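Please construct the entire structure, taking both the sequences and the accompanying hints into account.
Listed below are the residues making up each chain.
There are 2 protein chains.
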Amino acid sequence: MSLSALVLFALYLSAAAEGQNALNDIIFSGDFEFIDLTHPFDNETVYWPNTRNFVFTRKTEELGQGGSSWYAANEFAAGEHGGTHIDAPYHFYREGLHVGELPLDKLIVPLIIVDVSGLVNDDPNFVLQKHHLDYMLNAGNRCVLIFKFGWSKYFHDKKKYLGVTESDELNFPGLGEEIATWITTAYKNVVGVGVDVASVDPGCSKDFPVHKVLSSSGLYNIENVNLSMDVPSYGCTALVLPMKIRQGTGAPLRFVAICPKKLN
Amino acid sequence: MSLSALVLFALYLSAAAEGQNALNDIIFSGDFEFIDLTHPFDNETVYWPNTRNFVFTRKTEELGQGGSSWYAANEFAAGEHGGTHIDAPYHFYREGLHVGELPLDKLIVPLIIVDVSGLVNDDPNFVLQKHHLDYMLNAGNRCVLIFKFGWSKYFHDKKKYLGVTESDELNFPGLGEEIATWITTAYKNVVGVGVDVASVDPGCSKDFPVHKVLSSSGLYNIENVNLSMDVPSYGCTALVLPMKIRQGTGAPLRFVAICPKKLN
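So the sequences go chain by chain: P and C. For what it's worth, the working numbering labels the leading residue of the first sequence as 60, then goes sequentially. For what it's worth, the working numbering labels the leading residue of the second sequence as 60, then goes sequentially.
To be clear, the hints were calculated from the coordinates, so they are not data collected in a lab. Hints may contain errors.
Identical chains share a label here; the pair holds if one copy fits it or two copies do between them.
Stated by the list, open to error - Derived lysine-lysine pairs resembling DSS-like cross-links, with alpha carbons at most 27 Å apart:
1. Lys265 / Lys118
2. Lys320 / Lys165
3. Lys118 / Lys218
4. Lys247 / Lys118
5. Lys320 / Lys212
6. Lys212 / Lys247
Model, not experiment: these values are computed from the prediction.
Below is the structure:
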């Protein structure tokens, strides 16, 4: 038993004795950190071609009362599917849930990061198949699976990130249909699948089989996850909290991980 | 020591031994529940008069491939300050932080609910003063304070919720300036203040002193919190996760509490 475990347990008992919540004592014990896996929304945010980009409009910025007061407010408009966002199952499955219907117990879940960036090796035509992963997954409990292709480093360069060719085709890595079928059959505790690229299907896909397989099994997708920083593969808690657009097929997402701090 | 505490501790030790995260074992132990304090965004969502309401536009809903596939996507537009939303300090304080700059350690904090609905007693002209609260606050540690006026039950009726008069004045309860000054001087661990009405200042306010006092001390506000359901006053963890609008003065917010389950 580590000293840290002893201290946490003492805190737990003391909180329990007072009828308080041990959870706060643990989350805020100093042993955990919060990591933001979200790209910010601004006029540069990556959206799918020919969809409505995020548009930010300054409405008011003014000093009042002889310079002693300040008031500022803006408006914005956007498609549902850009930047770091969630796809609700209804996006590709008519009987699927909308964003506003997703239950919180599928949005606050253990996080698993599957880092395949070494396999991808910056190849925009890489498609992940089952044989790449046979030895890697350890997803026995309810969780969200995030695949790291190593693509967040291109997010600031829209053309490179999407791999736009002269004929306006897209090229960026993604998941093969086989992977989606495998997850939905062999790992029934997985509630959502995310990627650090613009789509769970690879850029060259025309019929989006991964979207279809995952959504028809009730899973949500997370696209454009920001994985610029190191995140432990196992042991973090995912907070997958989209803007609550009642009938949304998708929505801007605030995606945060609560992770054990690295030991120095 | 309760059986439940013993079990959690056993889980903690077993997780620690495997190098895993005890936090997941505790959050998902079955002892906690997730409560959504967010009103959904749709065409009925309450916005401040004369600001851009949430507008939801269906772009595509179509069956393809002979009826075997489905695709749906929408767009939306809105002002920053409507529905359940956050006010960044920059909204009323020129040197304050924008939404995209708010640090996560001020957004994931212990939650305190101050239920003053019994004092308000449905009076739209009620203004909370310091003497109402002298005996109530126990906010020694970093936290977000949410005041419950008992107004969420009117959210479906925009006119009643805002208390719109024939001369277009507003009447709903709020905080007095004295309370804001008291919080920012006597409770320096409070990082944000929220209400279950449309503004931290009462509806009749013309110069918004509560906004000004709180924002100039670096606090954020949360407005239109959904308190339709019971939430424990102490012991919950607040997840205050706004859409990450980089230069936002405010943003739609997903506001969730993780709370100890009630014992039956």
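Hint check:
In this homomeric assembly, Lys265 and Lys118 come within 27 Å of each other (Cα to Cα) only across copies, at 19 Å, whereas the closest approach inside a single copy is 39 Å. In this assembly of identical chains, Lys320 and Lys165 lie within 27 Å of each other by CA distance both inside one copy and across copies; the values are 24 Å within and 18 Å between. For a Cα distance limit of 27 Å, the shortest separation of Lys118 from Lys218 across copies, 25 Å, qualifies, whereas the shortest one inside one copy, 30 Å, does not. Neither within a single protomer nor between protomers do Lys247 and Lys118 lie at most 27 Å apart by alpha-carbon distance, with minima of 47 Å and 32 Å respectively.
Taking CA atoms no more than 27 Å apart as the test, Lys320 paired with Lys212 passes inside one copy only; the shortest distance there is 23 Å, against 42 Å between copies. Proximity of Lys212 to Lys247 under the C-alpha cut-off of 27 Å is found in neither arrangement, the shortest distances being 32 Å within a copy and 38 Å between copies.
Checked against the numbered hints listed earlier, the structure breaks hints 4, 6; every other hint is satisfied.
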